[in-house]
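With the sequences and hints as input, model every part of the structure.
Residue numbers (this note's numbering), protein chains in the order written: chain X, 1 to 526; chain G, 1 to 314; chain H, 1 to 291.
Possibly wrong hints are sitting among the right ones.
[Said to hold, decoys possible] A short, non-exhaustive set of chain G residues, derived as facing chain X with CB atoms under 8 Å:
hint: 1; residue: Arg48
hint: 2; residue: Gln221
hint: 3; residue: Trp250
[What the hints assert, rightly or not] In silico BS3-like pairs for lysine-lysine, Cα to Cα no more than 25 Å straight-line:
hint: 4; chain 1: X; residue 1: Lys237; chain 2: X; residue 2: Lys314
hint: 5; chain 1: X; residue 1: Lys519; chain 2: X; residue 2: Lys343
hint: 6; chain 1: G; residue 1: Lys8; chain 2: H; residue 2: Lys204
hint: 7; chain 1: H; residue 1: Lys200; chain 2: G; residue 2: Lys8
hint: 8; chain 1: H; residue 1: Lys111; chain 2: G; residue 2: Lys8
hint: 9; chain 1: X; residue 1: Lys280; chain 2: X; residue 2: Lys322
hint: 10; chain 1: G; residue 1: Lys149; chain 2: X; residue 2: Lys280
hint: 11; chain 1: G; residue 1: Lys216; chain 2: H; residue 2: Lys11
hint: 12; chain 1: H; residue 1: Lys52; chain 2: X; residue 2: Lys314
hint: 13; chain 1: X; residue 1: Lys290; chain 2: H; residue 2: Lys52
hint: 14; chain 1: X; residue 1: Lys172; chain 2: X; residue 2: Lys452
hint: 15; chain 1: X; residue 1: Lys519; chain 2: X; residue 2: Lys250
hint: 16; chain 1: X; residue 1: Lys237; chain 2: X; residue 2: Lys322
hint: 17; chain 1: G; residue 1: Lys106; chain 2: H; residue 2: Lys211
hint: 18; chain 1: X; residue 1: Lys134; chain 2: X; residue 2: Lys172
hint: 19; chain 1: H; residue 1: Lys111; chain 2: X; residue 2: Lys280
hint: 20; chain 1: H; residue 1: Lys239; chain 2: X; residue 2: Lys99
hint: 21; chain 1: X; residue 1: Lys322; chain 2: X; residue 2: Lys177
[Claimed, not checked] Stretch by stretch, here's where chain X covers chain G in the computed footprint (C-beta under 8 Å, at least three residues):
hint: 22; segment: 54-64
hint: 23; segment: 69-81
hint: 24; segment: 136-145
The hints are simulated quantities; they were obtained by calculation from the structure and are not laboratory data.
Because the structure is a prediction, the values reported are computed rather than measured.
Glycine is no exception: its CB is placed at the ideal position from the N, C-alpha and C atoms.
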Amino acid sequence: MRRWLLVALFCVTVLLFAGIEDSIVQVGRALEKNGINEVRYAVWGSGDPNSVLRVLGIVEAARRINEIWAKNGINVKVTIRETRYELDFTQMYQEFLSKQPLGTAGDFLVNSYVYIAPLAEEGYLLDLTPYLEKHREILNNFFASHIEVAKYKGKIYGLPQDTEARPFYIRKDIAAKVGLDLQGLDEKVLKGEFTWFDVYEWAKKAVQTGASEWGLIHRRGTAHPDLMQFILAFGSKLYDPVDGKLVFDKEAIYKWLTIEWTFAREKLLPSDMMAWDWAKQVHPAIVDGKTLFDIGGTWYWTEWQTKDYYTDPKTGQMRGLKPEEVEQWFYYTLFPAGEPGKKPVTLSQPFMWMVSSKAGAQNPKYSALKSVYDELAFLIVAKASDPDINAIHSIISAHLPVGKPSAELLASKEWLDKLYNLEVDLDPGVKEKIAGIVKATVNPINAAFLSKVSYMLEHTNFPPVHPMYAKLAAIFAEVVDYVLRGQMDPAKAIDYAIGKINADLDLKAGVKIINDIPKDWRFGGK
Amino acid sequence: MKGKFSRKWELWAFLAPALIVVLLFYVVPLILTVYTSFTPLRNWNIQRYATRLVGLYNYQKLFHAITNDPSVRAVFLTTAVFVLCTLTVNVLGGLILALLTFFVDKKTNFVASTVWLLPRMSPIAVYGLVWYYFFHGSRVGTLNSIFLKLGLIDRPIAWGQEFVPYGPWSVIVFVNGLVGVSFGMIVLSSAIKSIPGEFVIAARVDGATDWQICRKVLIPQIKWHIMYVTTWQLLSLLTSYAHTYLLVSWRLVNKSYGTPWALYVYDLAFTGVFDQGLAAAAGTLLVLVGGLLGLMTLRILGFGKLMVEPRGDI
Amino acid sequence: MSLTDVEVRSKGRQILYSTVLIALSVPVLMAFFMLILSSFANQMVTNFDFSKVTFTMRNWKLLFQGRIAITGGLRENVFLYLLNTAIVALGVASVTTTVGTLSGYAISRMKFAGRRFILLTMLMLHALPGSILIVGVYFLYRLWMPTNLNALRYFSFFYVIVARAALEVPLSVWLMKGFFDLLPWEIEWSALVDGASRFKTWAKIMMPLIKPGVVAILIFGFLAGWQDIIYVRTFLIDKTLATFIESNLEAEMAYMPLLAAAATLYLLPTIFFYISSQRLLFKVYAGGIRR
Numbered sequence: 001m002r003r004w005l006l007v008a009l010f011c012v013t014v015l016l017f018a019g020i021e022d023s024i025v026q027v028g029r030a031l032e033k034n035g036i037n038e039v040r041y042a043v044w045g046s047g048d049p050n051s052v053l054r055v056l057g058i059v060e061a062a063r064r065i066n067e068i069w070a071k072n073g074i075n076v077k078v079t080i081r082e083t084r085y086e087l088d089f090t091q092m093y094q095e096f097l098s099k100q101p102l103g104t105a106g107d108f109l110v111n112s113y114v115y116i117a118p119l120a121e122e123g124y125l126l127d128l129t130p131y132l133e134k135h136r137e138i139l140n141n142f143f144a145s146h147i148e149v150a151k152y153k154g155k156i157y158g159l160p161q162d163t164e165a166r167p168f169y170i171r172k173d174i175a176a177k178v179g180l181d182l183q184g185l186d187e188k189v190l191k192g193e194f195t196w197f198d199v200y201e202w203a204k205k206a207v208q209t210g211a212s213e214w215g216l217i218h219r220r221g222t223a224h225p226d227l228m229q230f231i232l233a234f235g236s237k238l239y240d241p242v243d244g245k246l247v248f249d250k251e252a253i254y255k256w257l258t259i260e261w262t263f264a265r266e267k268l269l270p271s272d273m274m275a276w277d278w279a280k281q282v283h284p285a286i287v288d289g290k291t292l293f294d295i296g297g298t299w300y301w302t303e304w305q306t307k308d309y310y311t312d313p314k315t316g317q318m319r320g321l322k323p324e325e326v327e328q329w330f331y332y333t334l335f336p337a338g339e340p341g342k343k344p345v346t347l348s349q350p351f352m353w354m355v356s357s358k359a360g361a362q363n364p365k366y367s368a369l370k371s372v373y374d375e376l377a378f379l380i381v382a383k384a385s386d387p388d389i390n391a392i393h394s395i396i397s398a399h400l401p402v403g404k405p406s407a408e409l410l411a412s413k414e415w416l417d418k419l420y421n422l423e424v425d426l427d428p429g430v431k432e433k434i435a436g437i438v439k440a441t442v443n444p445i446n447a448a449f450l451s452k453v454s455y456m457l458e459h460t461n462f463p464p465v466h467p468m469y470a471k472l473a474a475i476f477a478e479v480v481d482y483v484l485r486g487q488m489d490p491a492k493a494i495d496y497a498i499g500k501i502n503a504d505l506d507l508k509a510g511v512k513i514i515n516d517i518p519k520d521w522r523f524g525g526k
Numbered sequence: 001m002k003g004k005f006s007r008k009w010e011l012w013a014f015l016a017p018a019l020i021v022v023l024l025f026y027v028v029p030l031i032l033t034v035y036t037s038f039t040p041l042r043n044w045n046i047q048r049y050a051t052r053l054v055g056l057y058n059y060q061k062l063f064h065a066i067t068n069d070p071s072v073r074a075v076f077l078t079t080a081v082f083v084l085c086t087l088t089v090n091v092l093g094g095l096i097l098a099l100l101t102f103f104v105d106k107k108t109n110f111v112a113s114t115v116w117l118l119p120r121m122s123p124i125a126v127y128g129l130v131w132y133y134f135f136h137g138s139r140v141g142t143l144n145s146i147f148l149k150l151g152l153i154d155r156p157i158a159w160g161q162e163f164v165p166y167g168p169w170s171v172i173v174f175v176n177g178l179v180g181v182s183f184g185m186i187v188l189s190s191a192i193k194s195i196p197g198e199f200v201i202a203a204r205v206d207g208a209t210d211w212q213i214c215r216k217v218l219i220p221q222i223k224w225h226i227m228y229v230t231t232w233q234l235l236s237l238l239t240s241y242a243h244t245y246l247l248v249s250w251r252l253v254n255k256s257y258g259t260p261w262a263l264y265v266y267d268l269a270f271t272g273v274f275d276q277g278l279a280a281a282a283g284t285l286l287v288l289v290g291g292l293l294g295l296m297t298l299r300i301l302g303f304g305k306l307m308v309e310p311r312g313d314i
Numbered sequence: 001m002s003l004t005d006v007e008v009r010s011k012g013r014q015i016l017y018s019t020v021l022i023a024l025s026v027p028v029l030m031a032f033f034m035l036i037l038s039s040f041a042n043q044m045v046t047n048f049d050f051s052k053v054t055f056t057m058r059n060w061k062l063l064f065q066g067r068i069a070i071t072g073g074l075r076e077n078v079f080l081y082l083l084n085t086a087i088v089a090l091g092v093a094s095v096t097t098t099v100g101t102l103s104g105y106a107i108s109r110m111k112f113a114g115r116r117f118i119l120l121t122m123l124m125l126h127a128l129p130g131s132i133l134i135v136g137v138y139f140l141y142r143l144w145m146p147t148n149l150n151a152l153r154y155f156s157f158f159y160v161i162v163a164r165a166a167l168e169v170p171l172s173v174w175l176m177k178g179f180f181d182l183l184p185w186e187i188e189w190s191a192l193v194d195g196a197s198r199f200k201t202w203a204k205i206m207m208p209l210i211k212p213g214v215v216a217i218l219i220f221g222f223l224a225g226w227q228d229i230i231y232v233r234t235f236l237i238d239k240t241l242a243t244f245i246e247s248n249l250e251a252e253m254a255y256m257p258l259l260a261a262a263a264t265l266y267l268l269p270t271i272f273f274y275i276s277s278q279r280l281l282f283k284v285y286a287g288g289i290r291r
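Given below as C-alpha cells:
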C-alpha cells in the first residue's frame, strides 16, 4: 500500500513541476525507489533505408536520459532491446495492429500520421496530451500544423518525427531548349500565374520539338498521395472536418482526370504510367532527361544520388547522380494551380513518434508502475524530438525539418561541417550505423535544397485522416489507370468510381458526393 | 485375437493426433470465425468488439457490395474461367509431367521435378515478383523482349492489361497453374512409383508401346489419385488468391478481370480497413460455396469410389 | 519404381522425352534463372538487354551482412532468420507426416462408425484458406499465450508449427489413406497373425512400404512451413526469412537485386531438403511379396 502512495506522490510531483530534465530525474528516482534498475523498450520504425534515425533516434534519446540519470546519481538505465526497421511501413502497421493487443508489438512505433486515427480509435496508443500540457516548451520544436495532424478527437497521440513536401520538378536543360524561362517561376507558381494550362502548353512544346520524350511523368501504382494534389489544386478538398466525411468532388475529379486523359492521348504522359517500374523506368526516365516535368517528392533529391539510375553517356554504365548534377538539372516549384483563379498546393505526409498504450509492459512491476513507465516513454520521444536529432535525420534522409529549431541547424554551415565529420553528440553505436549515410548525403547542396524547399510547408495539405480514406484512394488508383490507358473517358470513370463507392456500405456512408461534371470546361481553353 | 476394448484403444491412438489437431486449429477457429461474422470486429480489437453482436449486418454489407459493385460481374466470370482453366492446367500438367518423368532417366527426372517445385518453394511475394518482370508490359518485360527479338510483335504488349479479358485471364491462369502443377506431379509420380514393376513388364512382354503402357497400365492404376488431385485442386483454386495478389496490386493485371472471388473477398476485408467481421462473413460464404461445389464434384466423380471399404479388420 | 529400373531404354526415346520435358519447363526455368542472375547484378535482369548491367557480388555481401540497402538500413542476422524458417518448416513437416500417416492408416484399415464422416469433413475443411481461419486462430493464441516473454517466444514457435501443420492435415490424411489403400492386405495379416500389435505392424511393416507417399507429404509439409507468411507474421515473435523478404519488398524504395539475393538464398535449403528426401525414397521392389 505504501509503495502505491509513494508512486502516486511522485507522479503528482512530477505532474506539478514542469521542465523536462526535472521530469526525467523524478521518473528515475521513482523507478530506483521501486528497485528497478533497468527499463527495456522495443522500437519499431519503417520507411526508406536512410531514415534509420526513426529507430536510432529512440536509442539516442535513451542514451541522453541515461546521461541525465548518471549525472544525478540515479542508478537506472534505459535499454532499447529491439530496434526493428523495415522498408514497408504499411506492413509494419499491419503487424503492429495484430501484435499490440497481444503485447508483443514495439513499445514505440514510428510510422505515418495517417495511422494515428485507427490506432487511437482502438486504444492502442498512449495519449500524450497531459504530458504535453505539462511541458509546453516541447511544442516549440514543431510547426503548429504538424501538431494538428497528430491529434485525434482533440487529443495528441504522436510527436512529429519528420515531414516532406511534393515538389513539381522541372528539367532545367529541357526548359532551356524549349525557351521556358525558369527565372522566378516558383514565384509565378506561388501566385497562381503559372497553372496546369501552362504546364500543358510547355509539355506539348517539349515533346513536339523533340526536346524530350515525355512532357510529364508522375508516380505509378497508386494515386495517393501525389495525384491527390490535383483535386486540391482545383480548389477542392478531400475531407470535410465539419461532418467528418470524405469528399468526392465530381467537378474537381473530372478536371483532374481530363488532364490525365489529355496528356495520355497526346502522348505527353505514358498511357501505362501506372504500371511503370520505379527502378527500371520511372527514375531513370527522370534523371536521363526524358521528361520536362515530374510530380515527385523531396526525397527524390538524394534518392537520385544514392541509387544507380543515371546512364552516364561517357561510360554507358549506370551510376548515381552527383549533388552538383541534381542542382544543375532540376528546378522545383509547388504543384501548380489547376487552372487560372486557383491556388498552388503541396502535400505532406509526416511521420510520427507514437507510443503504444502498452509501452513497457514487459518490465517488472508494470501494473503498479504503469504511470511511471508511460511517462518515461513520453520523455523518450520528447528527447528523440531534440532539434539536433531531427536535423541530422532531415539531411541524411532528405526529409524536411519538423520545426524552426531544427531548420535553423540545417542552415548553419558550421553545424553541417561538424556533422560530416561526425563531430556531433551521438551514441557511438548510432554514429557508427549512420556513418555511411552521412558520408553519402551530407553536403551543402543537399542542405541548401532542404532549406530552400521548406517554404512549401507553409502551403501544405495533409491527406485525410479518415478510416475509409484508403479504400477511396484505391478506387482513384483504379480509375486513373483506366483513363490513362484510354479504356474509360473521364465522365465514364467518374460513374464507375461512384458505382464502386456506393457498392461499399461503409464507403457510401463515409463519403459525400458533391458538385457536377462541368459542362463547358475545356482543358487548356483560354 | 484382439478384444473389442483394446481395438477401440488402438483406433483412438491412431486417430487422436489428427482429430485433436484438426479440432483445435480448424474446427474451433472455424466456429470462432463464423461467430466473428456476427460481430463488428476490426483492427484485431477483440477486447472491444468480440462481445458485441450485430446480427446479419456484415452479410448485408457483403451482399450489397456484390449486387452493386460494377466490377463484380467481371469477378464472377473471372472466377469461373480461372478455376476451370487452372484446374485443367494443373491436373493435365501434373499428369503429363508425372508420366514423362516416369519414362526418362533418374537425373533428368530429378532436375525436372526440382524445377517444377520452384514455384511452390518461393515466398509468395517473390513468386509474384518473378512473373511481374516476366509479363511486364514494356520493353523491360522478359516475354516482350523475346517476342520483339523474334519479330513476333512490333511493340511491347501489356499482357495483363490489354485484350481484356483474355489477356488478364491468361496471365493469372498461367501464373497460378504453374504452382498447382507441382502438386499433381508429385502426387501422381509418387503413385506411379508405387505401381509394382510386374505390370509394366507384363505389358511390355505383350508388345505395348510407351503410350499404350500409359493408357492401359499407369493411368488406370492411379485413377484414385487423379480423382483426388482434381477434387483437391478444385477446392484449393476456389479459395486461392495469394499468388496473383502481387500482380494485381502492382498493376500488372487488370483489376476487374484479374480478381477471382477469393481475392475480391480479401481486398474487401483486409485492405484499407481491417474489417475482420466482414472478412469472416465473406469467408463463411466462401466456405459454403466451396463446400457445395466440392460435394457436387464428389457426386459427379463418384465419391463412393474414393471410399474403398477397409479390408483390414480381423 | 521408374521405368529405367525395369528395362533398358533406347537413347533416342530418352532424348525425345527429355527434350519435351525441358521445353515445357522453359518458362519457369527462365523466370527463376533471371531472378538468380539478378542477385549478381546491379539491377534486376528482366530482359535480354545486358548493355547497362554490371555483374557484382555486392548484393550477396550485403545480404550476408544482413543489410537491406546499399546505404542505410540496419544490420539483421539473416542466418538466424534462415534457422527460424527451418525450424518452422521442419516442425510442420514432422507434425503433418506423423499425424497423416497415423490417421491415414487407421482410416484405410479399420472399420469404424464415422469413417466416411471424417473423410468427408477433412475434404471440406480443405476449402478453408488460412486467411479466413486466422481470426479464430488468433482468438485461441490470445487465450493460451503465456505472459513471460521468453516462454512466449517458444510458445509462438510451437503454436505456429502446429497451427500451420493443421492446415495440411486434411491433405496428409487423404493422401496417406490413398497410399495405404494400395497395399495388399496379406502382409499385415501375416504380421498380425504372428502376434504383432497394430502399432508395430504400422511402424515396422506398413510405413516402409509407402515411402513415396511419406516423402511426398514430407515435402508438402516442409514447403508449407517454409513458405508460410500469414501465420508466421501474425504469431511468431522472431522473424523468418519469408517475413524479412516480404516486409522489405516495397515497390518504391526497395533495392530489388538485394531482395533477389535473399530470395535465392531462400530457395537453396528447400532444394537441399528435396534432394535429401528423394534419397530416402528409393528402394526397388523387383518382385517378392508384391505380386
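Lysine 290 (chain X) paired with lysine 52 (chain H) [C-alpha distance capped at 25 Å]: holds (17 Å)
Would you mind confirming whether the straight-line C-alpha gap from lysine 200 (chain H) to lysine 8 (chain G) stays at or under 25 Å? holds (16 Å)
Starting from lysine 322 (chain X), check that the Cα of lysine 177 (chain X) is at most 25 Å away, please. holds (22 Å)
Pair hint lysine 519 (chain X) and lysine 343 (chain X), alpha-carbon separation not exceeding 25 Å: At roughly 22 Å apart (the allowed maximum being 25 Å), lysine 343 (chain X) and lysine 519 (chain X) satisfy the hint.
Within 25 Å, alpha carbon to alpha carbon, are lysine 237 (chain X) and lysine 322 (chain X)? Given pair lysine 237 (chain X), lysine 322 (chain X) is violated - Cα atoms ~38 Å apart, limit 25 Å.
Given the hinted pair lysine 280 (chain X) and lysine 322 (chain X), is their alpha-carbon gap at most 25 Å? holds (19 Å)
Can the segment 69-81 of chain G be counted as covered by chain X under the rule of three residues or more with Cβ-Cβ separation shorter than 8 Å? holds (count 4)
Under the criterion of a CB-CB separation shorter than 8 Å, is glutamine 221 (chain G) in contact with chain X as hinted? Since the shortest Cβ distance to chain X is 47 Å, the answer is violated.
Within 25 Å, alpha carbon to alpha carbon, are lysine 216 (chain G) and lysine 11 (chain H)? holds (24 Å)
Do the alpha carbons of lysine 134 (chain X) and lysine 172 (chain X) lie within 25 Å of each other, as the hint requires? Violated. Lysine 134 (chain X) to lysine 172 (chain X) sits at ~50 Å, over the 25 Å cutoff.
Between lysine 237 (chain X) and lysine 314 (chain X), does the CA-CA distance stay at or below 25 Å? It is violated: about 47 Å lies between the C-alpha atoms, which goes past 25 Å.
Holds or violated: lysine 519 (chain X) with lysine 250 (chain X), Cα cutoff 25 Å? Measuring from Cα to Cα gives roughly 12 Å; hence the hint holds.
The structure shown violates the earlier hints numbered 2, 4, 16, 18 and 19.
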